[in-house]
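One letter stands for each residue in the lines below.
Protein chains: 4
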Amino acid sequence: MIVQLKKSISPEHLEDVVNRIESRGYKVTEVNTVEGKYLIGLGKAEIDLREFGHIPGIIDIHRVSDDYKLVSRKWKVKPSVVDLGDGVSIGEGSFTEMAGPCSIESEEQINMSLDHLLENNVKIMRGGVYKPRSSPYSFRGLGIDGLKLWHRLAKAKGIKIISEVMQVSQIEAMYPYVDVFQVGARNTQNFNLLDELGRVDKPVLIKRGISGTVDELLYSAEYVFSAGNEKLILCERGIRTYERSSRNTLDINAIPILKEKSHLPVIADPSHAIGIRRHVPDVALACVMAGADGIIFETHKNPEEAFSDGQQTLDFRESAKLIRAMRETYALRQSFYA
Amino acid sequence: MIVQLKKSISPEHLEDVVNRIESRGYKVTEVNTVEGKYLIGLGKAEIDLREFGHIPGIIDIHRVSDDYKLVSRKWKVKPSVVDLGDGVSIGEGSFTEMAGPCSIESEEQINMSLDHLLENNVKIMRGGVYKPRSSPYSFRGLGIDGLKLWHRLAKAKGIKIISEVMQVSQIEAMYPYVDVFQVGARNTQNFNLLDELGRVDKPVLIKRGISGTVDELLYSAEYVFSAGNEKLILCERGIRTYERSSRNTLDINAIPILKEKSHLPVIADPSHAIGIRRHVPDVALACVMAGADGIIFETHKNPEEAFSDGQQTLDFRESAKLIRAMRETYALRQSFYA
Amino acid sequence: MIVQLKKSISPEHLEDVVNRIESRGYKVTEVNTVEGKYLIGLGKAEIDLREFGHIPGIIDIHRVSDDYKLVSRKWKVKPSVVDLGDGVSIGEGSFTEMAGPCSIESEEQINMSLDHLLENNVKIMRGGVYKPRSSPYSFRGLGIDGLKLWHRLAKAKGIKIISEVMQVSQIEAMYPYVDVFQVGARNTQNFNLLDELGRVDKPVLIKRGISGTVDELLYSAEYVFSAGNEKLILCERGIRTYERSSRNTLDINAIPILKEKSHLPVIADPSHAIGIRRHVPDVALACVMAGADGIIFETHKNPEEAFSDGQQTLDFRESAKLIRAMRETYALRQSFYA
Amino acid sequence: MIVQLKKSISPEHLEDVVNRIESRGYKVTEVNTVEGKYLIGLGKAEIDLREFGHIPGIIDIHRVSDDYKLVSRKWKVKPSVVDLGDGVSIGEGSFTEMAGPCSIESEEQINMSLDHLLENNVKIMRGGVYKPRSSPYSFRGLGIDGLKLWHRLAKAKGIKIISEVMQVSQIEAMYPYVDVFQVGARNTQNFNLLDELGRVDKPVLIKRGISGTVDELLYSAEYVFSAGNEKLILCERGIRTYERSSRNTLDINAIPILKEKSHLPVIADPSHAIGIRRHVPDVALACVMAGADGIIFETHKNPEEAFSDGQQTLDFRESAKLIRAMRETYALRQSFYA
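Chains as they are written, first to last, in this note's numbering: chain A, 1 to 338; chain B, 1 to 338; chain C, 1 to 338; chain D, 1 to 338.
Just chain A, same shape as in the assembly (with noise of 0.2 Å):
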């Protein structure tokens, strides 16, 4: 059960309102957001709303069956619309390019990628300055000298930046830099980071596990709304199986299963899914038609020269041509629920 309260309520209908329901045998959870107040009753027993329905401050209450309660879609049927400032926002009723390199490099690097992605009208630069690395011999990211040089440029030129980030302690340190936070594939069951991220007040995309359920995606993201912060975005991006013709197998079903379940934006990754460069704009466009909000993907003026995952990097022609192509995608789909 879901209470969605004004954050005006006075101190004393809060309290009566948990009391009667905490009579019920629940277990009441405080949420806070920028946007709202909330609180999550866990419990079995029938409630007659109509018992305490009435009490001053609340807006409304919810039942949801689901065993995630803020981000289903039970409660909040109008698709959230995550906001960056600037004119720039994602989900519902716009679609959304976020590109640039694997790792941030150089100065050149980021201004070559911002200058792309300005010609292209694309809003928002990804690139890695903490690069998770199964060998602790592989280079690791520039860190936080390299966020803070391409938060300069970015900045000048009226480019958001998202950015991974892979442990708490980074949080604070990347928090003046980063426009969203990303979380990675082997930290989206990381609760402490979720719990820690759910206190800042930035959006966070969540990359689905390496081998995680869409449901377990659903739960990391209930752990950052209900510690405070329900600017969200899910990302799909491939998951572990047997086959070994592409990097991961990106799971297009998921997409329009997470937008059903949630009111949350769902993005795709189509770069890492199929990690083979000349398919990755076919598994884009195909993200798009199922549903995506919007596409993140990794471009670099010189793919083969890139630190990393060169392999499935775009050049900023194929770039170009791709997004063109899923405006034109998404457009038709638009057309199609007209």
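FYI, nobody ran anything at the bench for these hints, they're computed from the structure.
C-beta: ideal position from N, C-alpha, C; glycine also.
Heads up, some of the hints might be wrong.
[What the hints assert, rightly or not] Simulated coverage check for chain A against chain B, where a stretch passes if three residues somewhere in it have a Cβ under 8 Å from a Cβ of chain B:
id, segment
1, 221-231
2, 268-281
3, 286-292
Given chain A, work out where chains B, C and D should sit, using these hints.
Positioned in the frame of chain A, the structure of chains B, C and D alone reads:
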């Protein structure tokens, strides 16, 4: 190595070619189809093609590094088109819909399905008369009598038939009544069945195995081709993974990968992949955008009353809407490559 | 519901029982095996067993909540023992080894294998004469002539034969020469083959599918049983997963789970599971300790020269050592449950 | 390449070695643990070891072709033993039990568990005070206070403690109270956590990821070792597959494979693998027979009342029986290799 031969090659010249290849330690298989004549040479030694390339009756010689040969795009760069007669063909340059019920049930049901296809200009009807079922106590289809009835009705309306063959002994019985033999996901590696279908001159659609790899699907097609039948269609229908929110995980990556590895047409089956009626259109459209040459899907006048698979079957209104959307999507995709 | 009947039940009484069950809306299947006679009733209504439990010819009536019935342990709590004649049996209370080469190759190879088994008191020899191969160009086995040769040599030395049957048409040809028909992992859901093996009075060993579930294996056994043959053996042989360091992931959990769900004997195949010769013994012994009733493994005089699967085949010294260790391990396990 | 150094090597000689290796285009990482000093050299050029093998302070030089180095058995053929002090050690030549509840709950529960271990001569108690939970609303453990209480009681009875650490910030707090840090399956690729555990001088047990490969587990161990801590234990706990009859598929193959690839001790966790209480002993014994150096399992005075994982937790009678059986099984296995 594939040696393409004229059908008119003299026995002496044929023997000469075979001898020269075998003398290099190669194992040689002769393949005769309705369309052509081939020698497949398997070996590791270097061969100087000039040693026998001049022999009369040789059209061309291709080195093919893939382990599958005849189905590889390494020797036949131009996509194959499978002709069903009466102006119906599958593959490059056109988009094919195959629609119909999971199981053939009755004369009335067949007629309603045929009328629906006619109204929407769909040329091929799908339906099962032999049903592979996990439990021996489940409905196993109407069998050959159902197929004869269906054939009589479909022929009268000019609609082609695709239906699943489950065992060798059914091939001869079904032969007069089907236009395309379908090999189901549980029979993708039924090598005896594939061998026998190689001796037939009607097209064969092979579904990917329940947990089959892309390469295994190509090998299965190689079985049919090397036994003498090159009228082949590949079908992606989802694979078994740990994810439980959908019936199978449609491997969208497989569509561009199969199209690149093989010259054969690639069809997708969204119904069995996602297994959820309301999401079938999103997945179908995604497959079209990923490059599929056609879509096979389940539709029924009253999905709720279908003998099987009702939960993933579209009604005729949904089906008609999907057909229109697929054609628009295909046209948009074609425009990207014009 | 399973109704166990006397074979001598009168036609009138049989009809009476069937009618009474069908009158409750149940679908009834009559099953006749060499050993017994059964009615399988599928339905949802409550039935008062007293209504027909008194009819002469009924031995017992069992409610079975599993979807598979005859293979379930819910009605037959005592483990089944499959008798091969000549004092050789498989199942509860004894441990069975089946050993031999992947492929039957020659008279000399067969004789060396038989001698090795005799020396180690192994009663059953495995070997393939029909080989399912991914590629149509690979060695597909010696066929029926190889089987006849093998049978002649084995019979002379008192060794039983288990060999894979790949299609319906092979059953009759193989019948005089095998003691156990083996259904391979690619044919676990070849329902026509299973149906036909139900009409045979020789034992059938069914391997779990390449990505088959435990339940699907039980359903496949139900096919054979319900078609008339209850001499069944289940075989765990590893499943397909994302892990690449071994050939298949042996599902050790499946052994106790199958033993609990079904009364049928359970055998394990460590050779195909791990696929690495030096590790086969560790996995074999683990399976014994998990409760397997026997082990089927590959051994060859010269594994390096075997026609197939040499990389996972033990030589005779390793084989003899493993046989001794398995027997000691089985004895220890039995002592835990004494 | 791994260069084993004396801790007493002079700065000049160290610099000399590093320079000579780097001059060949290698990247060199210096690793200092409590036990030793190493240089890891990554590169592709051929190096003539005679060029620097004579420099004082070098113990040995090993070529290691694996991508992981320090955890590989290619340079350290002799299995490692992890010493916990007070005569308790893990690895080669001895068998280790770790038992206890899923969650630490209360003083009474801890004491009953400790007494059970004492009675059965088990030296290490497992238990969670920080619990990773899919849902943010589930019980997340007693935290550091629970650990302090547990430590006080366990120390009094001479029992060692293993407990899961979920994030970097917990390491310092937990340090005085644990004997072994456990890294859970959701944190196997939490590289920051692994890095920090490399700076600790207490043993670390790393569980295989939920869908982690054998190689990824070894890489994760390499993280800890290369950051300075070589007291490492690997743990197989089952992987995620499509099979639903058990909680996870225990990869029995992984036990001999890990033992061959690495010199580190390998432990198995049957409780989380099969997840079904009555089958835990069969799987545990199988793991012992496959070569595990120890077993970690869940036991509780009253499994039905446990805060978590009760369905897979043994009661003390079952636990005692299993402990005896594991020791007999281990002894039998040792006899095979005597």
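So which of the earlier hints does this model not fit?
The structure breaks only hint 1.
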